[in-house]
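Q: The primary structure of each chain is shown beneath.
Protein chains: 2
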Amino acid sequence: MYRTHNCGELRIEDVNKEVTLCGWVQKTRDKGGMIWIDLRDRYGLTQLIFEEGETAADLIEKARNVGREFVIRCSGKVVERFSKNENVATGDIEIKPTQFEILNASQVPPFIIEDETDGGEDLRMKYRYLDLRRNPVRKNMQLRHQMLKETRNYLDGIDFIEVETPVLIKSTPEGARDFVVPSRIHHGEFYALPQSPQTFKQLLMVSGFDKYFQIVKCFRDEDLRADRQPEFTQIDCEMSFVTRDDVLNTFEGLVRHLFQEVKGIDIGDFPRMSYADAMKYYGSDKPDTRFEMKFAELNEVAQGKGFNVFDSAELVVGINAKGCGEYSRKQLDALTDFVKRPQIGAKGLVYVKCNADGSFKSSVDKFYGQDDLKEWAEKFGAEPGDLLLVLSGEKQHTRNALSELRLHMGDILGLRDKDKFSTLWVVDFPLLEWDEETNRYHAMHHPFTSPNLEDMELLDKDPGAVRANAYDMVINGTEVGGGSIRIHDKEMQKTMFRHLGFTDDEAKEQFGFLMEAFEFGAPPHGGIAFGFDRLCSLFGGSDSIRDFIAFPKNNAGRDVMINSPSTIDSDQLDELGLDLKKIEV
Amino acid sequence: MYRTHNCGELRIEDVNKEVTLCGWVQKTRDKGGMIWIDLRDRYGLTQLIFEEGETAADLIEKARNVGREFVIRCSGKVVERFSKNENVATGDIEIKPTQFEILNASQVPPFIIEDETDGGEDLRMKYRYLDLRRNPVRKNMQLRHQMLKETRNYLDGIDFIEVETPVLIKSTPEGARDFVVPSRIHHGEFYALPQSPQTFKQLLMVSGFDKYFQIVKCFRDEDLRADRQPEFTQIDCEMSFVTRDDVLNTFEGLVRHLFQEVKGIDIGDFPRMSYADAMKYYGSDKPDTRFEMKFAELNEVAQGKGFNVFDSAELVVGINAKGCGEYSRKQLDALTDFVKRPQIGAKGLVYVKCNADGSFKSSVDKFYGQDDLKEWAEKFGAEPGDLLLVLSGEKQHTRNALSELRLHMGDILGLRDKDKFSTLWVVDFPLLEWDEETNRYHAMHHPFTSPNLEDMELLDKDPGAVRANAYDMVINGTEVGGGSIRIHDKEMQKTMFRHLGFTDDEAKEQFGFLMEAFEFGAPPHGGIAFGFDRLCSLFGGSDSIRDFIAFPKNNAGRDVMINSPSTIDSDQLDELGLDLKKIEV
Numbered sequence: 198m199y200r201t202h203n204c205g206e207l208r209i210e211d212v213n214k215e216v217t218l219c220g221w222v223q224k225t226r227d228k229g230g231m232i233w234i235d236l237r238d239r240y241g242l243t244q245l246i247f248e249e250g251e252t253a254a255d256l257i258e259k260a261r262n263v264g265r266e267f268v269i270r271c272s273g274k275v276v277e278r279f280s281k282n283e284n285v286a287t288g289d290i291e292i293k294p295t296q297f298e299i300l301n302a303s304q305v306p307p308f309i310i311e312d313e314t315d316g317g318e319d320l321r322m323k324y325r326y327l328d329l330r331r332n333p334v335r336k337n338m339q340l341r342h343q344m345l346k347e348t349r350n351y352l353d354g355i356d357f358i359e360v361e362t363p364v365l366i367k368s369t370p371e372g373a374r375d376f377v378v379p380s381r382i383h384h385g386e387f388y389a390l391p392q393s394p395q396t397f398k399q400l401l402m403v404s405g406f407d408k409y410f411q412i413v414k415c416f417r418d419e420d421l422r423a424d425r426q427p428e429f430t431q432i433d434c435e436m437s438f439v440t441r442d443d444v445l446n447t448f449e450g451l452v453r454h455l456f457q458e459v460k461g462i463d464i465g466d467f468p469r470m471s472y473a474d475a476m477k478y479y480g481s482d483k484p485d486t487r488f489e490m491k492f493a494e495l496n497e498v499a500q501g502k503g504f505n506v507f508d509s510a511e512l513v514v515g516i517n518a519k520g521c522g523e524y525s526r527k528q529l530d531a532l533t534d535f536v537k538r539p540q541i542g543a544k545g546l547v548y549v550k551c552n553a554d555g556s557f558k559s560s561v562d563k564f565y566g567q568d569d570l571k572e573w574a575e576k577f578g579a580e581p582g583d584l585l586l587v588l589s590g591e592k593q594h595t596r597n598a599l600s601e602l603r604l605h606m607g608d609i610l611g612l613r614d615k616d617k618f619s620t621l622w623v624v625d626f627p628l629l630e631w632d633e634e635t636n637r638y639h640a641m642h643h644p645f646t647s648p649n650l651e652d653m654e655l656l657d658k659d660p661g662a663v664r665a666n667a668y669d670m671v672i673n674g675t676e677v678g679g680g681s682i683r684i685h686d687k688e689m690q691k692t693m694f695r696h697l698g699f700t701d702d703e704a705k706e707q708f709g710f711l712m713e714a715f716e717f718g719a720p721p722h723g724g725i726a727f728g729f730d731r732l733c734s735l736f737g738g739s740d741s742i743r744d745f746i747a748f749p750k751n752n753a754g755r756d757v758m759i760n761s762p763s764t765i766d767s768d769q770l771d772e773l774g775l776d777l778k779k780i781e782v
Numbered sequence: 198m199y200r201t202h203n204c205g206e207l208r209i210e211d212v213n214k215e216v217t218l219c220g221w222v223q224k225t226r227d228k229g230g231m232i233w234i235d236l237r238d239r240y241g242l243t244q245l246i247f248e249e250g251e252t253a254a255d256l257i258e259k260a261r262n263v264g265r266e267f268v269i270r271c272s273g274k275v276v277e278r279f280s281k282n283e284n285v286a287t288g289d290i291e292i293k294p295t296q297f298e299i300l301n302a303s304q305v306p307p308f309i310i311e312d313e314t315d316g317g318e319d320l321r322m323k324y325r326y327l328d329l330r331r332n333p334v335r336k337n338m339q340l341r342h343q344m345l346k347e348t349r350n351y352l353d354g355i356d357f358i359e360v361e362t363p364v365l366i367k368s369t370p371e372g373a374r375d376f377v378v379p380s381r382i383h384h385g386e387f388y389a390l391p392q393s394p395q396t397f398k399q400l401l402m403v404s405g406f407d408k409y410f411q412i413v414k415c416f417r418d419e420d421l422r423a424d425r426q427p428e429f430t431q432i433d434c435e436m437s438f439v440t441r442d443d444v445l446n447t448f449e450g451l452v453r454h455l456f457q458e459v460k461g462i463d464i465g466d467f468p469r470m471s472y473a474d475a476m477k478y479y480g481s482d483k484p485d486t487r488f489e490m491k492f493a494e495l496n497e498v499a500q501g502k503g504f505n506v507f508d509s510a511e512l513v514v515g516i517n518a519k520g521c522g523e524y525s526r527k528q529l530d531a532l533t534d535f536v537k538r539p540q541i542g543a544k545g546l547v548y549v550k551c552n553a554d555g556s557f558k559s560s561v562d563k564f565y566g567q568d569d570l571k572e573w574a575e576k577f578g579a580e581p582g583d584l585l586l587v588l589s590g591e592k593q594h595t596r597n598a599l600s601e602l603r604l605h606m607g608d609i610l611g612l613r614d615k616d617k618f619s620t621l622w623v624v625d626f627p628l629l630e631w632d633e634e635t636n637r638y639h640a641m642h643h644p645f646t647s648p649n650l651e652d653m654e655l656l657d658k659d660p661g662a663v664r665a666n667a668y669d670m671v672i673n674g675t676e677v678g679g680g681s682i683r684i685h686d687k688e689m690q691k692t693m694f695r696h697l698g699f700t701d702d703e704a705k706e707q708f709g710f711l712m713e714a715f716e717f718g719a720p721p722h723g724g725i726a727f728g729f730d731r732l733c734s735l736f737g738g739s740d741s742i743r744d745f746i747a748f749p750k751n752n753a754g755r756d757v758m759i760n761s762p763s764t765i766d767s768d769q770l771d772e773l774g775l776d777l778k779k780i781e782v
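Chain order of the listed sequences is A and B.
The opening residue of the first sequence carries number 198 in the working numbering; numbering runs sequentially from there.
The opening residue of the second sequence carries number 198 in the working numbering; numbering runs sequentially from there.
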């Protein structure tokens, strides 16, 4: 037994107890005759006090020589503090040491181990084990643990079984790129790491497991963008004998439970919105619904008045920035610059100010009279003091651009508070999407997603119009999970593979075992997968998933702490039957 | 909503309710005017009854045409059964169908989906998703789920934090062979899959996480033996500021909790035995303590009597097979054959029968008189009717052989009941073991294990005699977990690497980040890891871990269901900068 208590638990009631604590030196203050040491562990901070005349001289000498992050073991009596510290849970007491032992010394850390640190990201990644000592980072990991625990509590409580599916599986060309693992025993053959346990969870439904979940690592060898990780964690779920609403209700319940238990928030019911409406009113399939600012389409009232830009546009659409009617020339120019940035790519921005006196002032006054603009304003339900911002052009492109402008205005107007949460189901996604590069349709979700039966006749005539039994959960404009009702019929699955451009042989080669399983009584089933890292970062009020991963990789897929990936011995390559490709000069 | 109830929950109290069930056809019985269908799901079986005159004719027609494993949806009224079945939880009731729908047909399965099946192992592995439908296999997975859940409940309840460590890490030559993952972005470089999160959990201790656990997949690219899997699951744990006894008490508590919650067994306290005693009394570092049959060493009483085989032996040692004194010539010959098998390799077996009249009959009567044999018998505490079995030779080899004979006698005498559990800690393992092949010492546990400080002076003089702060948990002769108190001091770790034959550069190259971490205040720490698959199989009363893995690989490391590993496209190899080695003709 190294200690009797941790550094976070002693209170005024413990005064006069003899205790032993262990921890790290957070800081020392030496005022000559008095030395204070703040001792830190995972649970909190406790103050040690060394006083000339009161404390043994050798202990004072030792205390004087410890530095930040030294590991200490200290025994002594709990005493009431003279000046209490209300900001610390142990702030009523301190320890008068009778024993004091340095368990391990420490070099001066490369950055300060405090809530606010002076260490840059690269340095903190290299010394991640020191960064994890800082309260905010450690608390993120504790939040993650609590999320894991409450997820399991909820799902276990409604009869879900956690089943571990294999990590060494089979490579499939569909979807993103696999990481592969060469087999030493079977030269020239490879395992692949799973991008998701999709086929295994469907096989478990064929097995009659009824309700499956797993919190599981998945892998994608993609060119990394900011805040993507090659390995990530999913809450992976599947249920049998369910309709779409059964799945939505079950997992809405999961996230409601998490909000309640982890954040103490009653998040209420989740509104549902069709993909078509999400695109029409927010220009996005993951709208941030913390604020309204819905799109209003103006084709009807803005076209045919001689303004060629609008007349030739597929879509004229705008938002109402409430209360921004007094924006200056400079502010309006900044918004125009924003939408003209290459990432957004609008040609220009039309504005209409709704003046306090009921009149309007717009950038297109030449083409539109007061009555015209009044008609516009009615479309937005605009009031005096509001500012209408209007874009036009090709439909999809214009919606995307206006969606970015809407989020930007939300930021400017402080409508995107990280402590406020707005949830949403987006449903009725398209089944297929056209891929310009390969010149064929791709499954928007994945090839096992079932089509909406009402739309089946469109599958040949107008594949892009077929709706899928697919859904996403969106919180604060972030997609946190997505899933679908699956195809459970072999013939339907074959049809789908055909529409996705698989030959029968390719389908059999890649998914033969699933197709075969469907011959033996597959139940109707569906499921969902949540991006657990993202869900944690959202609950933690952060934009970065890296803050919620204990040992993340950087944007080049590298772990700079352990220096991985790295070269391996040529013997190892020989054993695997592999050569490195010669680089041609 | 596909169903109102599952197939396991309806009882006599539910009579007259209108219900809808879904499930698989377990079997049908057609007696002309009556048809019964047993409908199965994960939760149980419910009987449907179709009766001419009572049930609509079209439903009867449909019922007549369903086969085994068809997926069915059926609505109807719950009625009391005429002849009840006490062996089934729903045996008091049956359903009179008013609606009957085939959700999916099934081909005839390749083996019978019942508790006892006619399918051989290979066939069941290929159609694992059908094997998982069988009650015994499904129950194994449910047991595994419960073990996962109760492990987490216990550890969470005593402040352990579950932290996910990375799967894509760095290859290290020490220990077993790594699986590697080629990096596409950094050609010629590789990630490795973890054999255990050992270094990460030690870094988490440096980070002050205090109590860590993780239930985690680990990987070893070994030549597979029976009942080894290339990927396996560990309960991985680590604690700071602990002595050996703190660790033993904590994890004894975990396994006690599992026995209580999962099996309803109070397993009591775990005895502790030194490695030296385990070897001396059981000839094994993982003795099966479900039965006594301890070794007795006979050098003192058996040497110097002119029997050259014993006189020239390093060790003469035997066991007492209680009550086997009447064994026939044939039985004794069979035991001799057993110990002479090449895997065991004894030269011969000496026996002494303790006759009912107090006399002795031995295979070495020529050298030993009745008084000599009486002395032997006293060493064993033998009684009339017992049989002493004695081996001799080089110490380690003889102990191994006698250990095998002891287990064999335990089997013969029915002393190894799978429903009886005997637990044990084996402690004070040697720190180092000599490896004949490489002609140097290896870490018996791993290179981070701390030596017993009392033995430090032996490190140079007699390295093999140094004891480690290492321990194994043994249940019924199976090592279910092992761990150690770690080295937390950089200088000690350097000394250890030197003794293991690492140059400073090699140690730095491979473990540099851990060595560096120890510069910044590492706390004293220690931990343990449990083989979770093995623990589940032990709780489930099975010898095979494969029975407790949803989708296991075969002994050649192959998943015969999905056919993995498999070849990949040459494009994929190009992207990875790899060539398959040409096979030389």
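In case anyone wonders, no lab produced these hints; they're calculated from the structure.
Yeah, the Cβ is synthetic: ideal placement off N, Cα and C, and Gly gets one too.
Be aware that a few hints might be false.
[Said to hold, decoys possible] Only part of the chain A face toward chain B is listed, based on derived beta-carbon distances under 7 Å:
no.	residue
1	757
2	758
3	764
4	776
[As the list claims (entries may be wrong)] Using C-beta positions, here's what the derived DEER-type ranges look like:
no.	chain 1	residue 1	chain 2	residue 2	range
5	B	692	A	213	39 to 47 Å
6	B	591	A	295	51 to 59 Å
7	A	355	B	772	41 to 49 Å
8	A	274	B	615	49 to 57 Å
9	B	315	A	355	48 to 56 Å
10	A	209	B	615	39 to 47 Å
11	B	254	A	653	26 to 34 Å
12	A	689	B	295	25 to 33 Å
13	A	356	B	296	35 to 43 Å
[Said to hold, decoys possible] Over the 10 Å line for every Cβ pair with chain A, so calculated as not near, a few chain B residues:
no.	residue
14	358
15	387
16	404
17	428
18	502
Q: Test the statement that residue 502 of chain B is away from the interface with chain A: the closest C-beta pair must be farther apart than 10 Å.
A: The claim stands: residue 502 of chain B keeps its Cβ more than 10 Å from every Cβ of chain A (closest is about 53 Å).
Q: Does residue 428 of chain B sit more than 10 Å from chain A, CB to CB?
A: Since the minimum Cβ distance to chain A is about 5 Å, residue 428 of chain B lies within 10 Å and the statement is violated.
Q: Just double-check residue 404 of chain B for me: nearest Cβ-Cβ distance to chain A has to come out over 10 Å.
A: At about 4 Å from chain A, residue 404 of chain B fails to clear the 10 Å cut-off, so the statement is violated.
Q: Do the Cβ positions of residue 591 of chain B and residue 295 of chain A conform to the proposed distance bound of 51 to 59 Å?
A: 55 Å, holds
Q: Could you see if the CB distance from residue 355 of chain A to residue 772 of chain B stays within 41 to 49 Å?
A: 43 Å, holds
Q: Does the CB of residue 757 of chain A sit less than 7 Å away from some CB of chain B?
A: This hint is violated: residue 757 of chain A lies away from chain B, its Cβ roughly 10 Å from the closest one there, beyond 7 Å.
Q: The hint says 39 to 47 Å between residue 692 of chain B and residue 213 of chain A; measuring C-beta to C-beta, is that right?
A: With Cβ atoms ~44 Å apart, the hint holds.
Q: Could you check the hint for me, namely that residue 274 of chain A and residue 615 of chain B are 49 to 57 Å apart, CB to CB?
A: 54 Å, holds
Q: Take a look at whether the Cβ-Cβ distance between residue 315 of chain B and residue 355 of chain A falls inside 48 to 56 Å.
A: Violated, since residue 315 of chain B and residue 355 of chain A (Cβ atoms, about 36 Å apart) do not stay within the stated range.
Q: Mind checking the hinted window 26 to 34 Å against the Cβ distance between residue 254 of chain B and residue 653 of chain A?
A: 32 Å, holds
Q: Are residue 758 of chain A and chain B close enough, Cβ to Cβ, to be under 7 Å, as the hint says?
A: 6 Å, holds
Q: Does the closest beta carbon of chain B sit nearer than 7 Å to the beta carbon of residue 764 of chain A?
A: With a minimum Cβ separation of about 6 Å from chain B (threshold 7 Å), the hint on residue 764 of chain A holds.
In summary, the structure is inconsistent with hints 1, 9, 10, 13, 14, 15, 16 and 17 from the numbered list given earlier, while agreeing with the others.
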